[in-house]
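Going down the list, the protein sequences come from chains A, B and C. Be aware that the first sequence starts at 1, since it is given in this note's numbering, and climbs by one per residue. Be aware that the second sequence starts at 1, since it is given in this note's numbering, and climbs by one per residue. Be aware that the third sequence starts at 1, since it is given in this note's numbering, and climbs by one per residue.
Careful: at least some of the hints might be erroneous.
[Said to hold, decoys possible] Within a straight-line C-alpha distance of at most 25 Å, the following computed BS3-like cross-link-like pairs (lysine-lysine) qualify: (1) A:LYS149 with C:LYS229; (2) C:LYS298 with A:LYS131; (3) C:LYS19 with A:LYS194; (4) A:LYS151 with A:LYS131; (5) A:LYS210 with A:LYS223; (6) C:LYS428 with A:LYS194; (7) C:LYS99 with C:LYS19; (8) A:LYS131 with C:LYS428; (9) A:LYS194 with A:LYS223; (10) C:LYS229 with B:LYS276; (11) A:LYS151 with A:LYS210; (12) A:LYS149 with C:LYS428; (13) A:LYS151 with C:LYS77; (14) C:LYS298 with A:LYS151; (15) C:LYS229 with C:LYS99.
[Unchecked claim] Anything over 10 Å on all C-beta distances counts as not near chain B; from chain C, calculated: (16) THR40; (17) PHE112; (18) LEU185; (19) ASP207; (20) ASN226; (21) TYR399; (22) GLY406; (23) ARG417; (24) HIS430.
[What the hints assert, rightly or not] Now the in silico label distances, taken between C-beta atoms and shown as ranges: (25) C:ILE23 with B:ALA162: 28 to 34 Å; (26) C:LEU55 with A:ASN108: 47 to 53 Å; (27) B:ILE273 with A:LYS131: 33 to 39 Å; (28) A:ALA205 with C:ALA22: 47 to 53 Å; (29) A:ARG144 with C:ILE313: 33 to 39 Å; (30) B:LEU90 with A:ASN108: 39 to 45 Å; (31) A:ARG82 with C:GLU424: 36 to 42 Å; (32) A:ASN108 with C:GLU424: 55 to 61 Å; (33) C:PHE265 with B:ILE273: 53 to 59 Å.
Hint data in this document are derived by calculation from the structure and do not stem from the laboratory. Even for Gly, the Cβ is constructed at its ideal location relative to N, Cα and C.
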Amino acid sequence: MNRVSSIPPELVIPSGAAPLLTVEHLTMRFGGLLAIDDVSFAAGEGEITAIIGPNGAGKTTLFNCITGFYTPTVGRLTLRARGEAFLLERMDGFRIAQRAHVARTFQNIRLFSEMSVLENLIVAQHNELMKASGFTVTGLFGFRAYRNKEKEATDLARYWLDRVGLTRLADINAGNLPYGDQRRLEIARAMCIKPTILCLDEPAAGLNPKESGGLNNLLNYIKDEHGIGLLLIEHDMSVVMEISDHVIVLDYGSKISDGTSLYVRSDPNVIRAYLGEDETEELPPEIVKDIKSDFDPESRGGI
Amino acid sequence: MEYFIQQLINGVTLGSIYGLIAIGYTMVYGIIGMINFAHGDVFMIGAFLSLIAFLVLGIIGITWIPLALLVVLLVSMLIASVYGWTVERLAYRPLRGSFRLAPLISAIGMSIFLQNYVQLLQGARVRPMPPVISGGFTFLEGSDFPITVSYLQIVIVLLTIALMTGFALLIARTSLGRAQRGCEQDRTMSALLGINVDRTISLTFVMGAALAAVAGMMFVLYYGVIDFYIGFLAGIKAFTAAVLGGIGSLPGAMLGGLLIGLIETYWSAYFSIEYKDVAAFAILVLVLIFRPTGLLGKPEIEKV
Amino acid sequence: MMIESNNNPRGIDIAGLLKESAIAALVALGLTIVMLGLRTVDTTTGLGITTRWPLVAVAVISVFAGRLLFAFRREWKASKGPVSRDRKEEEDRAATIIKRFSTIGGPVFIAFALVLPLMPFADRYVIDIATYVLIYVMLGWGLNIVVGLAGLLDLGYVAFYAVGAYSYALFAFYFDLSFWVCLPLAGLCAASFGVLLGFPVLRLRGDYLAIVTLGFGEIIRIILLNWYKFTNGPDGISGIPRPSFFGLEFKRTAVEGTQTFHQFFDLDYSSMHRLIFLYYLILILALITNFFTLRIRKMPVGRAWEALREDEIACRSLGINPTNTKLTAFALGAMFAGFAGSFFATRQAFISPESFTFIESAVILAIVVLGGMGSQVGVAIAAVLLIGGTELFRGLEEYRMLAFGGLMVAIMVWKPRGLLAHREPTIKLHPDKGPPPEAIKAVTEGEGK
């Protein structure tokens with residue numbers, strides 16, 4: 001009656017956490033291009049799961065499949081949260097956010113730039129507000145139910161604005177914020193849909209070390225205080241190694257490694273994927289060491 | 001059956017004209033991803049240029065038809081190209097990277113401007129043109145339904161084939177064609193590789209305008225009457241042709257043009273002539289809904 | 001030489017400027033030499049040609065001079081060094097002015113519109129024009145929902161206007177219904193058409209949507225033109241009944257058993273009564289459109305429209321149903337066009353397909369674009385200028401559309417969001433004060449250090 005043995009090895013979560021998102025045999029083909037080839041993994045509840053891999057490994061495509069922007073060619077995506085199970089591959093794009101509460105951010109930030117910071121967060125709560133406004137009809141006549149709900153929505157927005165430090169700037173246009181603030185605002189906006197899982201596409205891209213440290217705190221806060229599972233694509237190894245509970249490595253659309261950050265860091269498959277098969281022998285040892293240290297937060301700490 | 005064949009011939013002729021205009025839409029769409037709403041009006045200007053050139057040649061006394069055709073063709077292509085270039089330079093180039101709706105609105109403004117510009121300069125009334133090329137072959141002369149292929153129809157179809165061939169070679173073989181295909185794929189990268197993107201886009205407009213001018217000349221010769229409003233309908237139909245063939249695809253534009261020409265001709269012949277314009281619009285809507293990539297287009301992958 | 005270079009650290013390359021202007025002049029020559037220089041005229045023996053070379057010369061010279069001035073000004077500014085700071089301040093100042101203007105302008109505009117018929121100069125002609133302008137104000141506000149808020153470029157807006165006008169005319173003709181019954185019906189018809197047309201096409205990308213709506217507009221017009229039995233084709237429908245004032249008709253003599261407006265209020269009969277009544281009617285309809293728009297902007301659906309305009313992909317990632325949201329904008333915009341259409345029908349008492357050509361759509365779009373997409377006051381002002389202005393300069397009728405087209409291009413190049421585009425957030429966290437400027441500065445500059 002060993003429970004673990006009934007789980008296929010590719011779906012094992014190292015910490016033994018309950019699975020939040022299970023991806024099984026996911027394949028995505030664009031014409032002749034095989035972007036993702038039979039990838040399976042599971043992301044645990046209340047954990048930070050990182051997906052890493054060289055450029056073109058299929059990370060963003062994987063995200064787009066999970067969040068409904070692409071319909072996978074083959075595969076099953078199951079989300080288990082709040083006592084329900086959703087088969088994401090069968091849902092219309094926007095329904096994944098609406099019903100299953102899968103939230104995401106984008107690699108190249110997508111804010112509503114001509115709308116204010118606060119409005120961005122209110123728009124994220126559209127579906128709840130829409131119901132409270134009687135699908136606009138009662139709202140137009142100023143019924144109290146809608147006004148109360150709008151106040152609630154503002155409170156939630158303020159809560160997240162406080163967390164990302166943008167409360168003072170709530171009324172200026174999102175497009176006028178500096179880059180780092182825009183990244184944080186996008187995360188705050190995603191949190192306003194009250195997600196079951198938060199998918200972050202390179203949240204640390206373009207951030208300076210200080211901002212990047214702040215980001216780590218924010219992500220840990222989301223995980224610890226709200227118990228929300230996070231799935232993140234990241235290039236910045238210091239972020240990945242520091243905060244991830246579980247790392248999945250993709251290369252050329254296939255999964256090549258899966259485990260704790262400690263395990264992945266020493267997996268020869270991963271090192272080969274990042275350094276190339278033949279080059280490892282030709283490169284001077286100090287460069288190889290340097291690249292390897294990229295995976296190692298301790299050796300970076302001294303910089 | 002004879003009636004059917006006669007309509008086939010008429011449809012192919014009309015389709016050639018639409019196809020030539022459609023190339024301008026499809027090329028511009030391929031390179032800057034927008035509908036050049038003013039393209040139909042450049043075609044209309046081409047038709048007016050040809051009409052005026054024919055009249056001037058008549059006054060000067062050049063009546064040898066091949067020479068007259070050649071001169072008219074060159075004049076209208078040249079001047080229409082200047083229009084194409086100017087339209088791009090004034091209405092589209094300053095708007096690259098602007099607010100999403102801006103280039104579209106600017107294009108519509110340009111289209112309205114050009115229509116009224118021609119109306120103001122050349123008058124609002126329909127301009128008739130005496131037939132330049134007359135005569136033709138008649139088959140089945142004795143029967144009830146003789147089939148006529150006029151010399152003009154032959155000229156139109158042959159000229160279209162010649163231009164299409166030349167144009168296909170231009171795109172496939174020359175450095176300009178390569179630059180253009182490069183810009184279609186990735187404008188930033190092309191610029192980094194030393195391609196003058198602005199110039200390539202300008203030349204795309206110029207080529208589109210030149211082909212539209214040829215279509216304009218054919219239109220004058222074939223229908224014998226033009227007014228400042230012909231660009232609107234012809235433009236929409238040619239755009240439909242481009243979409244039907246698969247926007248961005250040159251053979252698609254020509255195929256789409258032929259199909260639209262045939263559909264319109266048969267529709268008028270067998271159903272109702274009043275609703276012939278509805279046919280083109282209906283096809284446009286159906287294609288966009290059910291097969292937005294058209295017949296020969298490549299699927300577009302949404303970039304997230 | 002020394003002195004000049006002292007004054008102008010970068011110097012101005014006069015030869016270069018001349019060359020640039022000469023090229024522009026050459027292009028102008030190419031554009032005008034045939035189209036302007038030669039004109040086709042009807043003669044007894046067919047078409048002839050007249051020449052207008054002096055006009056070509058004028059055109060070429062003015063392009064040369066204009067380009068030279070423009071280029072000189074540009075170089076001169078550049079030679080004075082960077083001016084980005086000034087420009088930023090200038091923009092801020094302009095934004096403040098526009099903001100103040102928008103808040104004060106609205107009430108002033110409404111107050112003026114309310115008292116206009118009482119003004120001493122308000123004769124039949126003035127009221128007539130004002131009514132006509134208000135129809136366009138209403139259409140502009142209606143289209144503003146679709147284009148300005150939801151960012152959907154609708155080039156066939158006039159189709160819904162036509163549906164409204166014809167549904168009133170036909171309801172009145174076939175079922176003998178009164179204006180007050182038909183008005184909501186016309187709006188409903190237009191809105192249903194909006195849903196019907198919108199449903200299949202609203203998932204298309206922006207420019208496809210534009211051309212499909214253009215096509216729909218034409219289809220509706222062609223059907224109205226050719227379905228002779230039903231719509232009377234190009235002859236149009238005449239004798240459309242006039243509206244009554246709560247059952248009181250505006251007639252000299254009453255029908256047996258009823259009273260007329262002037263009898264009831266014990267006034268002398270005047271045909272002005274009806275005109276003023278129509279004026280107030282369209283004013284109220286337009287204001288309803290306006291208040292509706294202002295209110296719905298603060299509703300979730302209104303915010304979703306604006307969000308869709310900004311970024312559809314982000315909207316989908318937040319669980320907003322893009323098709324339904326767009327559809328509501330499309331249908332509501334169509335509904336207001338339907339109201340305006342049925343008012344148009346009752347005012348004219350005659351309609352024909354000629355009133356609903358693409359040009360009308362273009363004029364309404366020009367009003368929205370010029371006024372500033374999403375700006376209510378801007379749209380009203382643009383309608384007054386474009387419609388009222390062209391009424392005043394009747395002699396220049398033929399230049400009207402030329403100017404509209406040119407203006408649309410110029411506005412897009414100069415200010416893509418429109419002249420009076422100023423957007424106030426629909427909800428504020430700090431409603432009383434604006435954000436402290438030093439806060440913005442601190443954040444902007446503080447980052448990255």
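Status of the hints after comparison with the structure:
no.	hint	verdict
1	A:LYS149 with C:LYS229	violated, 54 Å
2	C:LYS298 with A:LYS131	holds, 15 Å
3	C:LYS19 with A:LYS194	violated, 63 Å
4	A:LYS151 with A:LYS131	holds, 14 Å
5	A:LYS210 with A:LYS223	holds, 20 Å
6	C:LYS428 with A:LYS194	holds, 21 Å
7	C:LYS99 with C:LYS19	violated, 43 Å
8	A:LYS131 with C:LYS428	holds, 22 Å
9	A:LYS194 with A:LYS223	holds, 13 Å
10	C:LYS229 with B:LYS276	holds, 19 Å
11	A:LYS151 with A:LYS210	violated, 34 Å
12	A:LYS149 with C:LYS428	holds, 15 Å
13	A:LYS151 with C:LYS77	violated, 50 Å
14	C:LYS298 with A:LYS151	holds, 13 Å
15	C:LYS229 with C:LYS99	violated, 53 Å
16	THR40	violated, 5 Å
17	PHE112	holds, 30 Å
18	LEU185	holds, 26 Å
19	ASP207	violated, 5 Å
20	ASN226	violated, 4 Å
21	TYR399	violated, 7 Å
22	GLY406	violated, 5 Å
23	ARG417	violated, 6 Å
24	HIS430	holds, 28 Å
25	C:ILE23 with B:ALA162: 28 to 34 Å	holds, 32 Å
26	C:LEU55 with A:ASN108: 47 to 53 Å	holds, 51 Å
27	B:ILE273 with A:LYS131: 33 to 39 Å	violated, 52 Å
28	A:ALA205 with C:ALA22: 47 to 53 Å	holds, 49 Å
29	A:ARG144 with C:ILE313: 33 to 39 Å	holds, 35 Å
30	B:LEU90 with A:ASN108: 39 to 45 Å	violated, 31 Å
31	A:ARG82 with C:GLU424: 36 to 42 Å	holds, 38 Å
32	A:ASN108 with C:GLU424: 55 to 61 Å	violated, 28 Å
33	C:PHE265 with B:ILE273: 53 to 59 Å	holds, 55 Å
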